[in-house]
Each structure stands twice: as structure tokens, then as C-alpha cells.
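Residue numbers (numbering that gives the first Met the number 0), protein chains in the order written: chain H, 0 to 290; chain Z, 0 to 327.
This list has only true hints and no planted wrong ones.
Calculated pairs, DSBU-like style, for lysine-lysine (alpha carbon to alpha carbon, straight line, at most 30 Å):
#1 K41/H <-> K299/Z
#2 K219/H <-> K140/Z
#3 K318/Z <-> K41/H
#4 K106/Z <-> K318/Z
Just so you have them, the derived chain Z footprint on chain H, three or more residues with Cβ under 8 Å:
#5 16-28
#6 51-59
Label pairs and their computed distance ranges (CB to CB):
#7 D252/H <-> L9/Z: 37 to 47 Å
#8 G97/Z <-> A251/H: 46 to 56 Å
#9 A251/H <-> P222/Z: 44 to 54 Å
#10 G97/Z <-> D66/H: 53 to 63 Å
#11 N292/Z <-> R111/H: 24 to 34 Å
#12 Q113/H <-> K174/Z: 45 to 55 Å
#13 V298/Z <-> D252/H: 54 to 64 Å
What the hints contain is simulated information worked out from the structure, not anything from laboratory work.
Quick caveat: nothing in here was measured; it's all calculated off a predicted structure.
Just so it is clear, CB atoms sit at the ideal spot from N, CA and C, and this is done for glycine as well.
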Amino acid sequence: MQTRFSFGGDEHIFAEVGDSMSLEAFFKSLFITNAVRDAKIKGVTEICPANASYQVKFDPDLIKPDDMLAELKRLDSAAEKSEPVIATRIIEIPVLYNDPWTHETLMRFRERHQEPDGTDLEYAARINNHDGIDAFIKAHSSAPWFVSMVGFVAGLPFLYQMVERRRQIQAPKYLRPRTDTPKLTVGHGGCFSCIYSVRGAGGYQMFGITPMPIYDPNQKIGYLRDFMCLFKPGDIVKWKPIDRLAYDAAVADVDAGRFTPVIRNVSFSLTEFNRDIDGYNRKLEGILHGN
Amino acid sequence: MAIKVLKPGLSTTVQDLGRPGYYHIGIPLSGGMDRHALAAANLLVGNAEGAAVLEAVFMGPELEFTDDTMIAVTGAELPPRLDGEPRETWSSFKVKRGQRLSFDFLKKGARAYIAVAGGIDVPVVLGSRSTYALGALGGFKGRKLEAGDELPVGATGTSVKEGRTVDEELRGLPKAMPTELRATPGLYWHRITDAAGQGFFADTWKVAPEADRIGYRFKGGKPLEFVPREPPFGAGSDPSNITDACYPYGSIQVPGGTEPIVLHRDAVSGGGYFMVGTVISADMDLIGQLQPNTPVRFVKVEMDEALAARQARAELLAKVRSSLTSSP
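If we strip away everything but chain Z, and leave its shape as in the complex, we get (with noise of 0.2 Å):
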């Protein structure tokens, strides 16, 4: 069982949860930057929830299957068709040999997750199947997918039925507008002034189009003013730079103090760049799903309001997984 890849999209790259343990060396986490959308993407063909899936960015691939299988496409509101007929987002449906699944314009969110029954068998790789592009590891030849790719599937476990979905509350994506992501500070917090702090928790920000796996910029607010100092020896001679250090996933960089970037799964794992926060764990998958201009508030939190959320966050897939092991 393959999948040919006629058309690749913008950037459709093989995903799983990921290849912790390597961080140290400068090869990050990668997998899906949704993780809620992967799992559920993969629980609804029958899947782990941690198998290999198709993460697509704006724009949809089109692909043919060389046998009959199931499929989900979940994350963004990307319309995907099967020969044509529409076939509904979140939800199992069956493809037979030689059927062409292709994608009408994203509606909502940046990145679908397309799972198929057994998933994609690409090589692990330090523990993952997951594609880190940077370093030419991983996934499919360690790229995104191109044209005439053809993907090899995995044997199917279980075989689950057609038409299972996941309720709308439970798909975990971004409600309101502006979106709030938020934050503990920390960090380098006490490089800037108190007012700057404020106001960077006050403004309003949007997502600039540099925004890619390895990280999220921001534009709009107030450049950040830095309390003065002597340089120390190693950092470089701008407010913004520190002695190389690491940067934790999530972590809110800002470059000569005018344009966040929060680092994510694909992060650079270290710099000279200082950093006033780090997005909380429950946040992230959010952070995945923003598309450029898309407005965005940085929200204060406590690490027990972090805790809570991740807990929150926790239970919300526990529900996906219950409702679907309950509709075999």
C-alpha cells in the first residue's frame, strides 16, 4: 500500500509526535505543531496516536492511494475531496484503489493533519518518523514532498468504520479573536523596563508572514526598552544579545527588542538572542493554527495556571479518545 503524491501543496511534510532526546546536539522535537489534531487525525482511522500522518500548511496536496484504506483529515478547515465529491473535515472516510484525494481553499486554521489506516512507514530516525527539513532528517527523504513521491503506508492493525468524527468542542483549535496565547515570564524578563513589560502583555500583536515550524514572528507592538547595562563579555554589544544560550520550545525571543518570535517545534536550539517568556505548554498546538495578520495577545500566567491548562488540555484529548473507542 502507497500513497503517489501528484500535487505537494505549499509545504506537506511526514509528522509524528516527535524525536525528543537530541536537543542537546541541535536537532529539535519536531512533529505536528498541532499534536491535539494529529492524535485525534490518527485515533479516527484506528491508528496510535502517535503513527506517522501528513501535516499540510495552507494549501492541501493531491495524492492517489494504490488500495483501499481509511482516512481523516483533521487541524484546519482545509475541505478535502475524494475524485471530486466533498468529503467532511474530522471525520473516518473510506478511499479506494486509485481514487485522487485533492483539497478546496483553507477556510480556518494554517495546518491540516492527514492520517491514513496504518500510517506512513517512512524510516524512524533517531526514534521518529517525523521530518526535521533544516538537518535533511527524517520523514521522506528528509524534505517536504514533492511531486512523483510515493509514500509507503503501514499494515492495518484494526479496521474501524466509516463516518466516525470528532464532536466541533473537542477539536481543541483557536476560539476568539484576538487569539491569547499565553505565557509565563522569565527568562531574560529583568533585561526590560517595567513599562516595557507591561505594554508587551498589553498590546495587541499579528502574526508576521515569517512564520514557519521553526518559529512564529510577531509584528505590531511596541518595540521593548531595554534597562541599561555594561555588555557582558561574549554576548555582542546590542541590549537584545546574550552569551549564546539554549532556547526552550516556546520560548519568546526578541531580536534588537522589536519583533517576538516564539520558537517551536523545528526551534533553533540556541543563541545569542534574549528572551522575556516562554508560551505555556497547552498553548502551543494554537500557535500552529494562526495564519499571517491573524491578531494575538500574550496573557500573563502563574505556573499553576500553566499546570491547570495542561491538565485542561490533557483531559480535552482524553474526551477524543472516549468518544471514539466507544463507536468502534
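Just chain H, same shape as in the assembly (with noise of 0.2 Å):
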């Protein structure tokens, strides 16, 4: 993989690692990433892992431009030699799918969407060749997602899905982006999902909602109180579909203070999941579980 580099201005350099997504060209931007934090080159100001590129944001009154790029350019010939291999965490995120909020959004916003005679999961699905909304609600929640980038807002996160290129879910943006989303709505747009951590304008396809806030700018929130969103770039999201009941149970635990989060640490390893991708995926469930 060759790393295409531009400056941003006087201040960035933007880096694209591949033009297409892939697990390998996320762990190169982390491993980068990671390796310029460690280096705590002089100037640099921001450092932002991405899905497939990287940004460094830098003060070039410090640092010049070039001897930046310089940097950059022997931090990523030394991130081919590493080994794939992070240790992270695993998260479940409880999804109540075809929930009455998205649904009363996506209805008063269907005059922009490819599809205005059905629904986005409707929708979702059929492009998906998947026998009606049930089946993709299960391709959706079976196997895990990598948190490969945080950010658009504070704290969302964009999750990739952990199977086989040819069995990944992919979906247009809407045709025009939305004014509004409700907080918590699980989207998807191109091959990625998120979750949308504040209300908000949105382009992608909405399918569900979580109970659970992944972001407390207040630090109210038991979980969100060492710091106020949750994801890190590196992180596996595992769905658990719920229903109307355990939502409304799981609003009033988080409400209440009681709501604990299910996270497990887990050390992954690119090469042994490319290995067995169903098999090592069944490992990760047995971690969250506690197996």
C-alpha cells in the first residue's frame, strides 16, 4: 500500500492510505497514527486516525511543513513492518431496529429518498438481496463492527463490518441529507454504519435506535465520566437487537444511573481473522459473554 500525501493548507497534512476501505489500509492509519503520538514530534497540534487516511494537524511556526512531511513519510515505511495486532475493546450496543422515532423521521423526509414509497430498512434490504427486513436485521447484528473512525460530531462513531468484502451492507446516502435525526439512530451510508451521537442533520439510511448515550458533553453518565465519548478508533461494536420492552427498561436504567455498558478488553489480530473470519468472530462474541 502506497501512502498518497497532500498538504492541507499551511497547517495539515492529509494522507490517504487506500482510496477504497479495508481492514489493512484502517490498521496502517492506526499504527501511524499511534506512532506519531508516541514520537511527540514538536508542533503537532492534532493527530485524527481515519478509516482509510490520516490527518496531522501542526503549527508551522514550530515545525517546517516539509521536515513534517519528512516525519510522516518514515513513520509510514516503518508501520509496513508491523504486526497487525491491537489490544482493544469489545462493546455491546443495544438496537431496537424499525423503531417508531426513525420511522416518524424517515416518513416526514421521504421526499429525498431513492425510495419514497418504502422505508430505509425496506429499502436496505432489498438492495442487499436479503429476504425482507428480518434477514438484514440479522446480516446487520450477527457479526461485529470496527470503530474505524470517530468523528463528523463529537464522539460518532463509523463502524465497518467485520465479514467478507462480498457479504459487507452497503447503502447510498440519502438522496439529499436531512435536516434532522433523532439522537441515538443507528445509520448506515456507502459501507459504513454509525451511530449519531447528537440530533442533528444526516444523510445516512436510519434503521434503528440505541438506548445506551455514547456522548455526555454534562459527564453525567456513570460510563461517560472519566470522559465524555466513549468510542476510540480501534474499538469492536457487537448489536444486540432489543425490543420496545427492554428499550423502554434500558431508557429508565440509563435515566436512573444503573445502566452498565457490556465491555470486554480483547486483543485482535488482523492475521488470524483473515484466517477464519466466522470462527474468530465466535471468539469475540465468547470474550463479550464472558466464555
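Using the supplied hints, reconstruct the complex from the two chains, each of which is provided in its own coordinate frame.
Right under this line is the structure:
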């Protein structure tokens, strides 16, 4: 993989590891950005890993742009040789698929959609060759997903499904973005799912909603007291389909400060994962449930 | 000491020099869109350059002060009035307890900075007092001001005299029309044809109504023509789509190839649209002073010109600093 570098004005270097999405490109981006952080290069102010690219913001009064570029190229070639193993977390996210709130929203913005006569779930199920929305929900929730980027707005995770490419869910974005999306909507655009951390504009297809907050600027929620955003790139997410009763109970638990997310530490090896994807995912699920 | 908000104006927020270090999780820099005017306002009242001030857009707020203090209004030409009496912009003036500050209609520019001696003393969140409204973070309760808000003001360290001013040539506002925004081509520049690239820099664009702290949209130029390609996996099928990536501050994305959007201090940190280049750091302040419909040209520059412009911008602030420290 040959990284393409470009300056973004006088304060940024943008590096595209691959123009298409792959776990190999994501891992390389994650390794280089970790190496940049560890190198503590003078003048670096922001280090942002993304799906298959990364960006470094720097102060050109403290380091010359060409010197910054030379540092990144050096770290880039070192990353090629590193073993793709990370210590990370697997997090279970409950989801009420086909919920009333995203349904109300998608009906409100129907004229901006590719298929105004159906719902986002029906549309996504059909174009991904699934036999109805139940089969589609099963495909969405049966294998885990990588947090391949955090951003757009505060704490929003982009998620990449950990299955062979031919099984990966793909869906276009709305023809014109919506001006409204319920908070904690589970959406999907291109090959990425996401969780909208705040209410606002959005263009992804809407599949459901989670009762579990992932961003709390006031840091009142127990598991967000240490830091206001839940996700980091490299986290692994497993969706858990729930019904309305379980959703309401979880919301009540969050409000009462009783909700405890299921989070386990895991080591992830890309090489072993690629050797037996389904077997590796079963192992991850075992760790999640304490087996 | 506090400031009572009688009327909030169109969109008035607490801002300082911003919150670096959290862009990788989608929390942008924030801070004043015209940092030069923000720093000058603070220097005029004897504050540190990065103290928190109020940023008012297009229309000023109406404020009442609970104690005697010193204030200054810089940036846009938004003429202040104290209990109805006109006051100068870019000058320090005294305010007595119970007096009311209001503003006339905007004459020039888009964003005014109101500094008060001691600075606006809202809590520091992740290292900054700036408001990031989209994330309900920082500033006054994470939002723009509303009538009835009461803003705490910090203690003053030094006292300065009334009537200090910043010379007109040191104010750093956009001068000529169309306003020129210098930009380095790059990022996904290779995705458009040579003719489209030349057209982008040759066209005169106009500021569209959708222009805020997240980004400024421009319209009126020719649509960009893309180099044909097979869509890469994960990018989406529109020729302007990319595999979702980071967006630099100042980067110029062009969704659908039609209307460029320059991202600013409350930028969304990433997404799936290609970018043709990036406005240089020296010209970012100018963008925040552009009103809708202002004609703009993007001017292609190389890195050495960008760095020279950055140096010149720093020297401008240094001159403001020395002109004010030599007159206490």
C-alpha cells in the first residue's frame, strides 16, 4: 500500500493510505497515528486517524511543513513492517431496530429518499439481496463491527463490518441530506454504519435507535464520567437487537444511573481474523459474554 | 461582576482562541472565527489575548453591566451605543454599573467581538471556554446566548485607560472586492479535470446564505468536471464521494461538484466528500467577516507564499500588541 500525501494549507498533512476501504488500510492508519503520538513531534497539535486515511495538524511556526512531511514518511515506512495486532475493547450496543422515532423521521423526509414508497430498512434489505427486514437485521447484527473512525460530530463512530467484502452491507446516502436525525440513531451510508451522537443533520439510511448514550458533554452518565465520548478508533462493536420493552427498561436504567454497558478487553489480530473470519468472530462473541 | 443579557442578538456565543486536541473524536477547535479581532479586543481592555469574549453575528446583543468596567468592540463595523450614546469600535471605553450596551445596524463585516476587562468567566471545558453548539459543549451552557442569561466576568488584573484604539491599517479586515481567499490546491485535486481546476480559480463565487461557524458555502461558479473512475469500495457512487476521511480546517469540499464549502472553526471533522484544496491559515479570519452575497475569488498559492502570508498576519498582531503596550 503506497500512501498518498498532500498538504492541506500550511497547517495540515493529509495522508490517504488507500482510496478504497479495507481493514489493512485502517490498521495502517491506526499504527501510523499511534506512532506519531508516541514520537511526540514538536509542533503537532492534532492527530486524526480515519477509515483508510489520516491527518496531522501542526504549527508551521514550530516545524517546517517539509520536515513534518519527512517525519510522517519515515513513520509510514516503519508501519508497513509492524504486526497488525491491537489491544482493544469489545462493546455491546443494544438496538431497537425499526423503532417509531426514526420511522417518523424517515417518513418526514421521504421526498429526499431513493425509494419514497418504502422505509430505509426495506430499501437496504432489498438492495443487499436480503429476504425482508428480519433477514437484513440478522445480517446487520450477527457479526461485529470495527470503529474505523470517530468524528463528523462529537463522538460519532463510523463502523466497518467484520465480514468478507461480498457480505458487507452497502447503501447509498439520502439523495439530499436530512435536516434532522434523532439522537442515537443507528445509520448506514456507503459501507459504514454509525451512531448519531447528537440530534442534527444526516444523510445515512436509518435502521434503528440505541438507548445507550455515547456522548455526554456534562459527564453525568457513569460510564462517561472519565471522558465524554465513549468510542475510540479500534473499538469493536456488537449490536444486540432488543424489543420495545427492553428499550424502555434500558432508557429508565440510563436515567436512574443504573445502566452498565457490556465492555470487555480483547486482543485483536488481523492475520488470525483473516484466516477464519466467522470462527474469530465467534471467539470475540464468547469473550463478550464471559465464556 | 456579571453581564445580563437583555436581548441575545441573532447568534451571540462565548469564544476564546479555541480547543485544540480533540478533533480526532469530532470535537472541533471552535473559538473566534476572526482571531485577530478577538485578540485585539482583549488587548484593548488589558486582557490576555486569548481571554473569552462574545462573538456576535450580523446583529448585536443588548447587555447590562452589574459593575463599572472597561469594554471594547472590534471586528465587524457594528457601532456600539452606551445608554443610547454612540461609541467607537476598535476603542476601549468605560461602562458604569447599570448601563446598557446596544448596537446599531451592521455597516461592514459580519462578526463583532465584545471584550470586557477580566474576560467572560464561564467554566473551562477541555481547555477552552469556547462554545461548540452542535455538541452542546463549552461556552455558556453549551449554547448561544438567550435573554435572561447572566454571564460571569473574571477579576481584572490590570486597569487600562479609556480611549485606546487600534489603527485602521492594523485591523486586518478584507479590503478589496471581490475578496481574495488564498488556497493551496491539493487533497483530492486529482479527481477533477485540468479545465475544471483552472475554472475553479478563475470564477468569481458568491457567499451563499448557508454560512456559519461550521462552514461557508459559495455559489455562482461553474460546476466541476470529474476525471472518470470506477468508484472505490466504501466511497459511494457519486463522483464527488470519497471513502470517509478527515477534513482539514479551511478545506474546500465540493459536494456533487457544484457549491464549494469552506470548513471553519466548528468544522465537522470528517465525511465523504472530496476536497479540492485548503484556504491558508492567514486568510481564515477574513472568511468570518464575509456577508452573504459577497463576491469571492480563490487564489492559487504555493506553500512558501502561504508561510509568508502567515508571517505577515502574525506581524500585524504584533504591531497591535506593541501599539497598545506603549500606551497604557
